[in-house]
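Asks: Residue 264 is where the sequence shown ends in the numbering used here, and the numbering goes up by one at each step.
Accuracy of the hints is not assured; some may be wrong.
Straight-line C-alpha distance at most 25 Å; calculated BS3-like pairs for lysine-lysine [as the list claims (entries may be wrong)]:
| id | residue 1 | residue 2 |
| --- | --- | --- |
| 1 | K180 | K90 |
| 2 | K115 | K150 |
| 3 | K168 | K243 |
| 4 | K236 | K217 |
| 5 | K214 | K236 |
| 6 | K235 | K182 |
| 7 | K144 | K111 |
| 8 | K105 | K236 |
| 9 | K168 | K214 |
| 10 | K182 | K242 |
| 11 | K168 | K121 |
| 12 | K209 | K144 |
| 13 | K182 | K150 |
| 14 | K150 | K209 |
| 15 | K214 | K144 |
| 16 | K105 | K182 |
| 17 | K215 | K168 |
| 18 | K168 | K180 |
| 19 | K121 | K111 |
If you are wondering where the hints come from, they were derived from the structure by calculation, not from laboratory data.
As the structure is a prediction and not an experimental result, all values here were calculated from the model.
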Amino acid sequence: AAQMVDASVTQSDAFSESKNQNLSETLAQGNPSETSMPIGTGLQTSSGLSSGGKLARFGPPGGGTGIGPKDVLFFGDNVNNGGNAYKIVFICDGTGTMVGLKKELVAKELLKTVGQLKPIQEFNIVFFHEGSNASAVDANKLLPATKANKDRAFSFLNRFAAAGKTDPIPAIELAFKLKPQLIYLLSDGAFDDLTPYDQVVAAINKLNPDKKVKINTVMFYNSEEKDTASLKKAEDVLKKIASENGGRQNSVTPETFFNQQ
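Sequences and hints are given; from them, build the entire structure.
Replies: If you want it as structure tokens, here you go:
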């Protein structure tokens, strides 16, 4: 990081032989601006080292390496696609229709996804279940994606038992209280047992008026339910929630998705 800055140099073909005093002073001051954080790069020529070489910004090129968010999938959807989300909440259906295989498969996918998050990221998992109940790994804060907190999520998913009818609003309110950048909302079918769809949409619009929080939605249904009117209506509402909040909607069946894993 001792690049000689010379306005006459136009080619990046060598290392610098001497450091730039301005750069040294800038680094010593701390909190340099982005434009004053150059790192010199160059190529060694057959004649050895020569001065010059253009400047390269500090950090990995293109954001594709380093300690930041990586490509992590949740039911086939890229969690960090286009957003590099550092704060993520998964809201999942934990009602009676999820008992058995569905709940186990969702838990498996949550564990796989959370397991790939980096410690620099934060997460939480929230279930809506038994009417107006909402259960989370931690009801008060997002958790850094450390091994200890991933183990905590594992224990939570093992203990959680799906039951009851559906009201997703308390879980949605809890998720927004945690101040995430990205929310995943998953249901396995109709989720208007206790609260009409328009009230769910209105609650989200009230909590996210400026649309700063991106919401992706997942419909997780059995293939034999595909053509039912109630499933189609629920799927349309999830598409509406996603489109109005900068997200995407994805429909997945246990049979097709997990046969591909």
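Asks: Now look at each hint and say whether the structure bears it out.
Replies: Right, here's what the structure says about each hint:
no.	hint	result
1	K180 - K90	holds (12 Å)
2	K115 - K150	holds (13 Å)
3	K168 - K243	holds (22 Å)
4	K236 - K217	holds (22 Å)
5	K214 - K236	holds (23 Å)
6	K235 - K182	violated (31 Å)
7	K144 - K111	holds (23 Å)
8	K105 - K236	holds (20 Å)
9	K168 - K214	violated (29 Å)
10	K182 - K242	holds (22 Å)
11	K168 - K121	violated (35 Å)
12	K209 - K144	holds (21 Å)
13	K182 - K150	holds (22 Å)
14	K150 - K209	violated (35 Å)
15	K214 - K144	holds (21 Å)
16	K105 - K182	violated (28 Å)
17	K215 - K168	violated (30 Å)
18	K168 - K180	holds (23 Å)
19	K121 - K111	holds (18 Å)
Checked against the numbered hints above, the structure violates hints 6, 9, 11, 14, 16, 17; every other hint is satisfied.
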